[in-house]
Amino acid sequence: MQTVKMVVTGPFSAGKTQFIRSVSEIDVVATERKISTPDERAIKQATTVAMDFGRITVDNDLVLYLFGTPGQKRFDFMWEILSEGMLGFIVMIDSTRPETFREGRSILETFRAYAPTPYVVAANKQDEPDAWELEDMRNALRLSPNIKLLPCVATQKEAVKNVLLELLYSILLEMDGSEK
Amino acid sequence: MALRGNLRDFTVTQLLNLINLAHKSGTLVIDGSNETAQISFRDGKLAYAQIGQEDNHLAAILHRFKRLSAGQLRAIHLRADHLNDKELGLLLINAGYISQEEILSLLQSYFIDVVRRLFKWVDGAFQFEYNLHPPADRIPIRLDLENLIIEGARQLREWEQLREEIPSLEMGLKFLDRPETSIQKMNLSLEEWRVVSYINPKNTIKQIASVTKLNDMEIRRIIYGLLQAGLVEVVRQGSTPRVEILRSPVTPLFKEKQISLVQRLITRIRSI
Numbered sequence: 001m002q003t004v005k006m007v008v009t010g011p012f013s014a015g016k017t018q019f020i021r022s023v024s025e026i027d028v029v030a031t032e033r034k035i036s037t038p039d040e041r042a043i044k045q046a047t048t049v050a051m052d053f054g055r056i057t058v059d060n061d062l063v064l065y066l067f068g069t070p071g072q073k074r075f076d077f078m079w080e081i082l083s084e085g086m087l088g089f090i091v092m093i094d095s096t097r098p099e100t101f102r103e104g105r106s107i108l109e110t111f112r113a114y115a116p117t118p119y120v121v122a123a124n125k126q127d128e129p130d131a132w133e134l135e136d137m138r139n140a141l142r143l144s145p146n147i148k149l150l151p152c153v154a155t156q157k158e159a160v161k162n163v164l165l166e167l168l169y170s171i172l173l174e175m176d177g178s179e180k
Numbered sequence: 181m182a183l184r185g186n187l188r189d190f191t192v193t194q195l196l197n198l199i200n201l202a203h204k205s206g207t208l209v210i211d212g213s214n215e216t217a218q219i220s221f222r223d224g225k226l227a228y229a230q231i232g233q234e235d236n237h238l239a240a241i242l243h244r245f246k247r248l249s250a251g252q253l254r255a256i257h258l259r260a261d262h263l264n265d266k267e268l269g270l271l272l273i274n275a276g277y278i279s280q281e282e283i284l285s286l287l288q289s290y291f292i293d294v295v296r297r298l299f300k301w302v303d304g305a306f307q308f309e310y311n312l313h314p315p316a317d318r319i320p321i322r323l324d325l326e327n328l329i330i331e332g333a334r335q336l337r338e339w340e341q342l343r344e345e346i347p348s349l350e351m352g353l354k355f356l357d358r359p360e361t362s363i364q365k366m367n368l369s370l371e372e373w374r375v376v377s378y379i380n381p382k383n384t385i386k387q388i389a390s391v392t393k394l395n396d397m398e399i400r401r402i403i404y405g406l407l408q409a410g411l412v413e414v415v416r417q418g419s420t421p422r423v424e425i426l427r428s429p430v431t432p433l434f435k436e437k438q439i440s441l442v443q444r445l446i447t448r449i450r451s452i
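Top to bottom, those sequences are chains B and E. When we follow this note's numbering, the leftmost residue of the first sequence carries the number 1, and every step to the right adds one. When we follow this note's numbering, the leftmost residue of the second sequence carries the number 181, and every step to the right adds one.
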């Protein structure tokens, strides 16, 4: 049995756990704890402290694991461990919380440094009225035009599938490119 | 959709950068601690600015720049109060009192001054109103934002923020291909020009700092300004991204297997 892994990362409360939950065939093994600081508690009640873990079985020989990283900075020691051997990664950003964009960019840079694998950026909560437009997010996150910034609603399976597929297309393109 | 937030998370410089890059038209409304500012843009260029209750009518601006005396200003208020800015401007030009170029130049100076004052604002909710434009009776200007962005970046003093913006100095830089922006037209300081002269993907920021004798803080501030103005972009040193699973020595057969693996993943995810 061969296993491959993709990592879903991003700032605190970006929607990583929900993203994995939307496509995983098993109940996500979420290691969530009650949040301790009042500011963070105002945003959500529990957060991921070690990792989330989802699974998609491809066939008898192949399984895809989705790992969600903890969003809070004090658990960032887990990031490097989780990034080891990943096929690619997804950076989730909450489109309605511009105060997290700078942190999102910093997480993206950190993961790029861990492993130069393909990645995409998912602009989550695009269905909400306060969501920033993709073009504004691209500029704010300083993403060059060749980096995929995809609209996403982590609660909607089709949107999540689209993000995963776009990442896989990028991986395929990278492999094709490396042949030349 | 919304372009809103707080200056605690996005500086005025960064907002100008967003507006400039996206060629936005509309008005940026900022609620500061004591007053509200409205800065209007057309196609990403500064068009108009209003801060608090400050009188920004043409007559008041001409008086502010000493092109009208207090007596002349009073006379205009008494006799020509019914004229709007465009009509007053035309009247003054036709009377040979002032040229069109000078009016535009003084308005530009005033609006730039308003934006400069905003650089000091560090807190306040902002919102970009796409449907809010300068009052129709005012004279709009058309000013490129790059110089203002560079100026705003020079005022950024917070070391922590600069470190977050440019976390590593082990990166190279290259000029962006933006035909509408010419670096020749920009008001760069001597230090900034020296840094610009070394920009090349082969030179790291650290090397540039070393050769230009700038400390970490100084080089970060200059690079931050150039990045914000959309003149340069970061290039990772020797970065040729490759898929992790292909890092080991690969035979064509192995590569084919990897491609087939990804194709199987694609097929499976499509079917979910």
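Some clues are possibly wrong.
[Stated by the list, open to error] Calculated pairs, DSBU-like style, for lysine-lysine (alpha carbon to alpha carbon, straight line, at most 35 angstroms):
#1 E:Lys-354 x B:Lys-157
#2 B:Lys-157 x E:Lys-437
#3 E:Lys-225 x E:Lys-246
#4 E:Lys-246 x B:Lys-148
#5 E:Lys-266 x B:Lys-148
#6 E:Lys-386 x E:Lys-437
#7 B:Lys-148 x E:Lys-386
#8 B:Lys-148 x E:Lys-225
#9 E:Lys-386 x E:Lys-225
#10 B:Lys-161 x E:Lys-382
#11 E:Lys-437 x B:Lys-161
#12 E:Lys-386 x E:Lys-300
#13 E:Lys-300 x B:Lys-5
#14 E:Lys-354 x B:Lys-5
#15 B:Lys-161 x E:Lys-300
#16 E:Lys-300 x E:Lys-393
Because the hints were derived from the structure by calculation, they are not lab data. None of the values given here were measured: they were computed from a predicted structure.
Verification of the supplied hints:
1. E:Lys-354 x B:Lys-157: violated, 39 angstroms
2. B:Lys-157 x E:Lys-437: Between Lys-157 (chain B) and Lys-437 (chain E) the Cα gap is close to 29 angstroms, so the pair holds against 35 angstroms.
3. E:Lys-225 x E:Lys-246: holds, 27 angstroms
4. E:Lys-246 x B:Lys-148: Distance of about 53 angstroms is beyond 35 angstroms: violated.
5. E:Lys-266 x B:Lys-148: Measuring from Cα to Cα gives roughly 46 angstroms; hence the hint is violated.
6. E:Lys-386 x E:Lys-437: Between Lys-386 (chain E) and Lys-437 (chain E) the Cα gap is close to 42 angstroms, so the pair fails against 35 angstroms, i.e. violated.
7. B:Lys-148 x E:Lys-386: OK: Lys-148 (chain B) and Lys-386 (chain E) at ~29 angstroms, within 35 angstroms.
8. B:Lys-148 x E:Lys-225: holds, 28 angstroms
9. E:Lys-386 x E:Lys-225: holds, 33 angstroms
10. B:Lys-161 x E:Lys-382: violated, 39 angstroms
11. E:Lys-437 x B:Lys-161: Since the Cα atoms of Lys-437 (chain E) and Lys-161 (chain B) sit roughly 23 angstroms apart, the hinted pair holds (cutoff 35 angstroms).
12. E:Lys-386 x E:Lys-300: Holds, at roughly 29 angstroms.
13. E:Lys-300 x B:Lys-5: Distance ~46 angstroms between Lys-300 (chain E) and Lys-5 (chain B) Cα, so the pair is violated.
14. E:Lys-354 x B:Lys-5: With Cα atoms ~33 angstroms apart, Lys-354 (chain E) and Lys-5 (chain B) stay inside 35 angstroms; holds.
15. B:Lys-161 x E:Lys-300: Violated: Lys-161 (chain B) and Lys-300 (chain E) sit about 44 angstroms apart, past 35 angstroms.
16. E:Lys-300 x E:Lys-393: holds, 28 angstroms
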